[in-house]
Amino acid sequence: KAYRDVVPGAGIGSHKAARSPKSQQTRNRPSTTSLEGMGKNKELWHGRENVQNIIHRWSIGNEEGVKSAGMGICQGVVFPCMANILGVLLFLRLPWIVGKAGIMNSFLLVFICCCCTFITALSLSAVATNGRIAGGGSYYLISRSLGPALGAGVGLCFYMANSIGAAMYLMGTVEAWEIAAPKAQIIGVGDLNNIRVTAFCLLGVCLLIVAGGIKYVARLGTLFLFIVLGVILCMYLGCFIGPGDNS
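Taking our numbering, the leading residue of the sequence shown gets 1, the next gets one more, and so forth.
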């Protein structure tokens with residue numbers, strides 16, 4: 001007792017009494033839940049339930065005031081993809097490729113193209129499901145996820161590919177038209193200027209259709225797809241029916 005000074009009245013109860021104001025402040029301190037808006041107002045933006053509901057509605061695209069303007073999975077995805085696959089390259093250019101490169105090299109070429117298409121489809125699916133899909137083409141889709149520089153590069157390549165593909169499809173259409181109706185040509189069958197003039201006229205018709213809106217393009221694309229499927233069915237029926245009597 002000689003080596004320490006005892007503070008008068010410094011018992012256990014006094015320590016509790018001294019700590020009581022601080023503990024009172026601790027009890028009155030707002031919790032994290034109340035600061036986030038769960039205590040009194042659950043409609044606040046920072047409320048956990050409200051934020052989860054907003055994220056859920058945003059992910060499924062059912063927010064208030066937002067109306068889906070899509071064409072559905074068939075008319076918007078399946079039919080355009082089938083129309084691109086069953087095109088000029090498959091019917092007019094693939095036999096020429098087989099004749100020039102051979103069967104094995106043609107299979108190798110088709111396999112490489114399928115691998116590139118498969119990887120591109122997976123990458124595009126990953127980018128498209130990374131957030132909400134807004135309006136715009138490939139540039140807007142990629143620039144929102146990967147940046148404007150990469151989006152501009154991919155968009156430029158996509159634009160060039162579509163331009164070259166449109167020219168190839170127009171030339172293939174004129175070649176098929178020359179075979180189907182040789183007497184109904186503007187200049188003459190086999191003439192290069194006939195391909196140019198007829199393709200230019202078809203390009204003008206396509207321009208008018210595109211200017212009408214994407215709905216008309218989708219409807220005509222679906223119509224042309226069923227025509228192509230009918231032609232393919234006739235090709236298989238020809239294997240069983242055979243040619244008619246020429247007499």
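I should point out that these hints are in silico values taken from the structure, not numbers from a laboratory. The beta-carbon is built from N, C-alpha and C at its ideal position, and this holds for glycine as well. Among the clues, some could well be false.
[Claimed, not checked] Here are the simulated distance ranges between beta carbons:
#1 Val-231 - Val-205: 28 to 34 Å
#2 Leu-192 - Asn-105: 28 to 34 Å
#3 Cys-157 - Leu-89: 14 to 20 Å
Kindly indicate which numbered hints from before are broken by the structure, ordering the numbers from low to high. Of the numbered hints given earlier, the structure breaks just one, which is hint 1.
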